[in-house]
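Visitor: Next come the chains, spelled out residue by residue.
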Amino acid sequence: MTEVFSIDPLIIRTPYEIDYRHSYGKTSPFFTSLSEGKIMATRCNHCKVTFLPPRSDCPYCLGETEWINLSGKGKIHTFSTLHFAGEKFLKDLPFTLVYVELEGVDTLFLTRLKTNHPEKVKVGMKVNMKISRQLEWRSSDIWAEPE
Amino acid sequence: MPKGDKLPRKVAIVAGGLTYFSKARKDKTQEELAAEAARVALFENDINLSKDDIDGTIVSYFSDHFENQLLFGSIIQDYLGFNPKPSVRIEGGGATGGLAIRDAYAHVASGLLDVAMVVGFEKMSEVNTAKGNEFIALASDTDWDFPIGGFYSGYYALMAKRHMEEFGTTEEQMAMVAVKNRNNAQYNKFAQTNPKMNPYGMRDGGFITVDDVLKSPYVATPLKRLDICLMSDGAAVAILASEEKAKKITDTPIWIEGTGAGTDFMRAGDRPRTVAGVPILPHEKKEWYKKLEYPGVHSFRAGREAARQAYKMAGITNPLKQLDVIELHDAYTSSEIQTYEDLGLAKYGDGGKLVEDGVTAIDGDLPVNPSGGLIGSMHAVGATGIMQAVEVFWQLQGVAGKFHGSAKTQVKGAEKGLIHSHAGTGTYVTVGVLGR
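In the order they appear, the protein sequences are chains A and B.
Position one of the first sequence corresponds to residue 1 (the working numbering), numbered consecutively onward.
Position one of the second sequence corresponds to residue 1001 (the working numbering), numbered consecutively onward.
Chain A on its own, in the form it takes in the complex (with noise of 0.2 Å):
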């Protein structure tokens, strides 16, 4: 039976489910060495530039880059405080996120900042990596912790 909200105007509810078979392509590498304790990134080594996310392709020349191992040192550049968020993560509420200035990275790093103390948090203040123990190929298996 169709779920009717409204007759005038006639309202009625349309459920759509879309179940994706996503490959990573070339970038693989990053999510699959996370098993093994390591951040991986992509680096130029004509334009000498460093990717987080990893970039199969620079951008700058359009040369094939090579895969480096990070310290996962870094420090904060800007950081927000979430206290709204798309559905899928209404349920995490309040969760700080943060750009990361990584040890070796040209570029800055999207990440969620794991924290007890989320009224110290600072720009400039030092970050180390975290793996999860419990990997589900995304992003969000690395986060931010305070040094």
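Hints listed in this document are in silico derivations from the structure and should not be mistaken for laboratory results.
These figures come from a predicted structure and were not determined experimentally.
Where hints are given, some of them may not hold.
As the list claims (entries may be wrong) - Listed next, the in silico DSS-like pairs over lysine-lysine satisfying Cα-Cα at most 30 Å (straight line):
#, chain 1, residue 1, chain 2, residue 2
1, B, Lys1023, A, Lys122
2, B, Lys1023, A, Lys88
3, B, Lys1347, A, Lys88
4, A, Lys38, A, Lys130
Dock chain B against the given chain A, drawing on the hints supplied.
Guide: Structure of chain B alone, referenced to chain A:
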């Protein structure tokens, strides 16, 4: 353009139409909303133009997810009765409307069409607000930025925080943007936050104060509920014509004197932080920014690039002096301040001061968002950039008050205006310069 090629044809806006905007226009379907705006454009503007004179359409909507209908452009085209004439759908996130206006400009300037109707719409109310935010978040990188719980208010909050850190911008200055735009909207009958004049308006809309904004709950620190734009149902229509046609259609064509489009990395974190990397506008000095890392996540390089192109084409060398009115993409109070700087209205870092000094108020030197913008009037994504074009068109024709239902919104003697449409975290941006 290669030497010896003719300049493209001059293009004017000759008519505009809007629907009443609302959190939920459950009384009409998308195509019925498009017809509501098209009727205003065709029958309420002072023009000598019939529907049959339109040579083709550009249809502008953002999200197949919101509409749950692919190829919606075709429904709009047949519902408005334009078959078998040409039509194309344009999509570019939040800048969908600005890109559609630019595409219509290109169609007319090139001679492909003489008279083009741009139809923009969005109906965002068919899912709940959290699902709506999730759909919009799918316009961020779904491999990296979305799975950690990212959504647009969060991304803009991160950028706003960095802008505060870099330049000393304050939450009070951001609140002043919200107050300006929300209160301007109280004189615009189409505006969603105007319960007195809009029969579909927000019941808890109306005037607000800086204190109201500062006391509204945090959505993503430092951004609060009232710092953030609306989600809307509605449609907007603009009609563009070649010089020859425009002069026959209206006594007051409004010319598109310049158009520009810029882009940047999808993930804001991927953007360079180049010392002294600011592309300088004609009125700026390189030494102002010799220590500034640019664009980083505090500024929108795409907006600067779009402005640079549009200014060059339109001969704008000092935007604050030469422009009389602006409708820009105030998705967030912080991004209006950031955009002042990208457009060269204030030095990078001084955007907050511009609103604090009242320069962009309705009675200031350069009113910004007299319609109420995305915070006060509407953000029905595919319609937004077209709404801005219609608003500045009406301003330059001197009829904004007539359409809004209040003389208060008309910027007196406005001759030159700017429109600014913005997607993602500054991923696509378009700028147009319009002139009488």
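Visitor: Against the earlier hints, flag every one the structure doesn't satisfy and list their numbers going up.
Guide: 1, 3
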